[in-house]
Amino acid sequence: MSAATAGHARVGRLRINQVGLWLFFISESFLFAALLSSRYYLQGVNRPPELNQALGLAITTVLLLSSLSAYRAEMSVAFGERRRFLRNILATIVLGGLFLVGVVVEWAEAFPHFPPQNGFGTLFFTLTGTHAAHVLSGVVLLLLVYLKGRRGRYTPANYWGVEGAVKYWHFVDLVWVFIYPTLYLVG
Amino acid sequence: MSKPRLGALERLGIIVIVALNLLNGIEYGIALSMPAGNVPYMAVLAFIDAAFIAHYFMHVTQFWRGPEEHL
Chain L
1 MSAATAGHAR VGRLRINQVG LWLFFISESF LFAALLSSRY YLQGVNRPPE
51 LNQALGLAIT TVLLLSSLSA YRAEMSVAFG ERRRFLRNIL ATIVLGGLFL
101 VGVVVEWAEA FPHFPPQNGF GTLFFTLTGT HAAHVLSGVV LLLLVYLKGR
151 RGRYTPANYW GVEGAVKYWH FVDLVWVFIY PTLYLVG
Chain E
1001 MSKPRLGALE RLGIIVIVAL NLLNGIEYGI ALSMPAGNVP YMAVLAFIDA
1051 AFIAHYFMHV TQFWRGPEEH L
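Chains as they are written, first to last, in our numbering: chain L, 1 to 187; chain E, 1001 to 1071.
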């Protein structure tokens, strides 16, 4: 196989990977759209006063900041800055972990106010739980990327693993910008 | 790829995250000052947030620009 043919095959494979990932995002969007719409359909736009607004705002800020470190990690690996890439991936993992701790605190606070038989409670725990499961899988994915990155598996010419994991992380962030106002802010 | 371009991209990332946090703060402010009837504002702000993330961080435009031009 000539170098040109190999190059075309690599670009083609990357293209297929990217399209596949976006199709996955679209299918996931349907899941979250269904959950978000069920909140409005079943509960209207009533905002329970028991929700911890400060905590909601804090974990949203943490998740948004984690998107910056994920973005910087992707840019760094694209430019061959390995140490900066590893540092930013690690920062993203830490911020993701912090977000999950925030969700656990949020659940502990919310549970007495919204027991399982409560309509809003069901929606609240389902939405935040489904999203937290995605964050957790994103953290695991980024951890794998970090470990592979430490072994020098990614180069500026081949970093699809980083790009895919980081895109997934941004998708999780994108979903949260709809979940946050839906649960905490609308009225 | 040269270092100045990486610096420019990182600055862009910081500008986007500042904008996202600003929009988030505006959402929060609206929710506090307008306890009822704020849904249209929340929807518009959430879609602007999502567009920022999809465009600048997820590089959605790579579909019509090609996979090697997304940076």
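Please keep in mind that the hints were generated in silico from the structure rather than gathered at the bench. Where a beta carbon is used, it is the ideal one built from N, C-alpha and C, also for glycine. Check the hints yourself; a few may be wrong.
Said to hold, decoys possible - Label pairs and their computed distance ranges (CB to CB):
| hint | chain 1 | residue 1 | chain 2 | residue 2 | range |
| --- | --- | --- | --- | --- | --- |
| 1 | E | A1008 | L | R83 | 18 to 24 Å |
| 2 | E | A1008 | L | L98 | 37 to 43 Å |
| 3 | E | L1022 | L | R10 | 36 to 42 Å |
| 4 | E | L1022 | L | G152 | 36 to 42 Å |
| 5 | E | L1022 | L | A54 | 14 to 20 Å |
| 6 | E | I1026 | L | S29 | 20 to 26 Å |
| 7 | L | P49 | E | I1026 | 41 to 47 Å |
| 8 | E | G1029 | L | V11 | 30 to 36 Å |
| 9 | E | V1044 | L | A34 | 17 to 23 Å |
| 10 | L | R15 | E | A1036 | 29 to 35 Å |
Hint check:
no.	hint	in the structure
1	A1008/E to R83/L: 18 to 24 Å	holds (20 Å)
2	A1008/E to L98/L: 37 to 43 Å	violated (29 Å)
3	L1022/E to R10/L: 36 to 42 Å	holds (40 Å)
4	L1022/E to G152/L: 36 to 42 Å	holds (38 Å)
5	L1022/E to A54/L: 14 to 20 Å	holds (18 Å)
6	I1026/E to S29/L: 20 to 26 Å	holds (24 Å)
7	P49/L to I1026/E: 41 to 47 Å	violated (22 Å)
8	G1029/E to V11/L: 30 to 36 Å	violated (46 Å)
9	V1044/E to A34/L: 17 to 23 Å	holds (22 Å)
10	R15/L to A1036/E: 29 to 35 Å	violated (48 Å)
Of the numbered hints given earlier, the model fails hints 2, 7, 8, 10; all others are met.
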